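Line by line, the protein sequences give chains V and U. Residues 1 to 617 in my numbering are what the first sequence spells out, letter by letter. Residues 1 to 222 in my numbering are what the second sequence spells out, letter by letter.
Since the hints were derived computationally from the structure, they do not count as laboratory data. Hints should not be assumed to be uniformly reliable.
[To be verified] List time: in silico DSSO-like cross-link candidates among lysine-lysine, alpha-carbon distance up to 30 Å:
(1) 23(U) <-> 527(V)
(2) 48(U) <-> 119(U)
(3) 119(U) <-> 153(V)
(4) 23(U) <-> 195(V)
Given the structure is predicted, the values throughout are model-derived calculations rather than measurements.
In case you want the letters, here they are:
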Amino acid sequence: MATTAISTPAHRAEYSGEQSGLWSWLTTVDHKRIGILYLYTALGFFVWGGLEAMIMRVQLGAPNQHIVSAEFYNQLFTMHGTTMIFLAIMPLSSAFFNFLIPLQIGARDVAFPRLNAFSYWVYLFGGLFISIPILFAVAPNGGWFGYEPLTSKAYSPGINIDFWVIGLQILGISSLAAAFNFLTTIINLRAPGMKLMRMPMFTWMAFIVQVMIVLAFPVLTIALVFVLFDRFFGTNFYNTVSAGADPLLWQHLFWIFGHPEVYILILPAFGLVSEVVPTYSKKPLFGYPVMVYSGILIAVLGFGVWAHHMFAVGMGPIADTFFGLTTLLIAIPTGVKIFNWIATMAQGSIRYTTGMMFGIALVALFTIGGISGIMHASPPADLQQTDTYFIVAHFHYVLVGGSIMGIFAGIYHYFPKITGRMMNERLGQIHFWLTFIAMNLTFFPMHFSGMLGMPRRIYTYDSGQGWEVFNAMSTIGALIWPIAMLFFIYNFFKSRKSGEIAGPNPWGAGTLEWTIPSPPPEYNFAKIPTVTSRYPIWEGKEVDHADARINAQEGKSPADLGIVMPYNTIKPLFVAAGLVIMFCGLISTRALIAVGAAIMVFSLYSWLLSPLEPEHH
Amino acid sequence: MSAPATHAPAPHHYTTLGLDSRKVAIWAFIGSECMLFVSLISTYLIYKGRSVIGPFPHEAWTDPATGHTLRPILNIPVTSASTFVLLMSSLFMVLALAAVQNKNLPKRTRGERILGSSKLWLLMTAIAGTTFLGFQAYEFTSFVHEGLSIRTNLFGSSFFTLTGFHGAHVTAGVLWLLTLLAIDYRRGLGPRDALLVDIAALYWHFVDVVWIAIFTLVYLIK
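All chains, full assembly: derive it from the sequences and hints.
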């Protein structure tokens, strides 16, 4: 067998993590470095989507403004939603999945390190593919949920919708590949003793999210394939009503994906807060098993509530009642989580660090968003609220007040683990309060402008309808966001360079990822630990401490410890590039399809036929 | 040909289930594929009987403009034959996996040598898959000939998309099998590689099961 020739010392330098510089980032297969790539890229897209929102808020700050055209405004709100959901919040969650899952379950990497790199590159290229058109004012303009028949060739003949459909197909491949990877990692790479009911709550929520992605994204894929076929090959799935087609098919397929997607966006933040709140309360998470079960219940029910997005289309009393009831039911497991976090804090010795502040903000703000959600679970109430700013207020309380607050809590909490240095608390507190004020000032008045009848997705409005003051408040609130973000960005980069040295466990947390040095060595655990409890550091027995001492050692190379590390490789990047070039061919020259396919197939075979790591000896 | 990618997992990789991670991942992938085909099949069933103009799958249709009558378009005897071929391919696949797993057992009789030939059974599986695809190509072209294209009506759109997606999966499977066959010729597949054949077989059987659902729901049930 020719494999023995591979493990020559010449290849040692190719072990991931031993190099620095651009090439090492392009070829990395280390889950921690890929997590950092996700973090930076997603924060970039978060700022990008925020700027789109900023322009919209300036436009709506006063009645009858014409700063941007109606056509461009359509592109702005479409891309704001698409960017924040697919390019910011999901990948920010992915950053934490990548960085934390192997550390929390006691693994050296994810199950498929090269597939992991592939997921990232597909995300990056797909994100650029869908984001760049707005610079040329040809961005998607059919709303983030792209309702038919508006997105059909008859009503949207331009290239805009093609970017959206193809871009989402590309991003779906990234999400699915990552989901298979994380799912397998959590099922199969847990350290000895890491039983399912001992897993940290973040990993549990990540697990549930991966299952939801695996089951929900294929439905979107097919829904988009029909749009694509309608647009490119003249099929009749959605738009030819005279041929018997039903545009509502799109709404059903889209929301069968779209509602689980809402939980795909929020559960990772719930997981992060379930790490943050116990740590700063110095108490184990209250009702751990119930937190697990409620997460599972949210996921199951999440697949049975999709048509509450469609009460206005006239589905009839039976469907309306069914989906109204299931929507009310889902409030129960969600409420259980809220109460469990509160109970975790109760009588704890709480430290109000920035991470904790963001965590508490999630509990409070998500509750507001959840309660307005229950209001439009009732079909008659929803008929009044649907397509108004009341809905905009609701889902921003859920997604900004929920997901974004949770993600910031996670960033402040895990920054020391990721970089080895502490973030500045003072700047962090300023960032928190500015964000908290901006968030509420932007979105709370939207409840009122919505109740007063202001519709969504209008680029301007007449004066005298009572909307002026609420819109002015929202715009002022929106303008505070960039100031808050400047504090965050400054703090982030300053602390990364010159923050206080963190040490392995600066917060006194209890889970496995805090037993190893910060930043973790490339192999994570010098010795795979044996896990005996949910919070090994807090409830640790002697055997844990022995493992912990070995794992806390710094400066050992994998060679010192006899740990085999995977090779760095550029191949996943090439496969991703070939894939995206192939999709580009659909909207430019057909020759690109062949070129992209050739690059993809060649790189894929080259990847599959080359070894992941040196032979063990 | 070198490769841990084509080997049993190295002993230093501890796994919780004691299974290779690729086996866990292929099941997750199949779960995802189920939802893909459920979406396609549901769309076909939702649109069943809603086409305004023919040809129809099970009923004749007279074009009011020309007075020309089109026969029911589905050719069930021919598709039954192709279904049989695809079902047989699953049997060949089982034999291929068994042959790889038992590569090192002594083969005394001619029968044991034939049953133990992984190359033969991988090739047979690929041939059966290709034959199925040939039937499908014949079916598609004859439908277009009889006036049913992907644009004609809802039935055409949903039928060609559903069966086309399935055909694409069979094509991917055939390429996968031929890759395994090439590896077998180059260095021989043995018990250490059984996992590689095992996950290909799981995929192949899944694609086969999906066809049973399609054949029943699209062709047999009127």
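List of violated hint numbers, smallest to largest: Of the numbered hints, 2, 3 do not hold.
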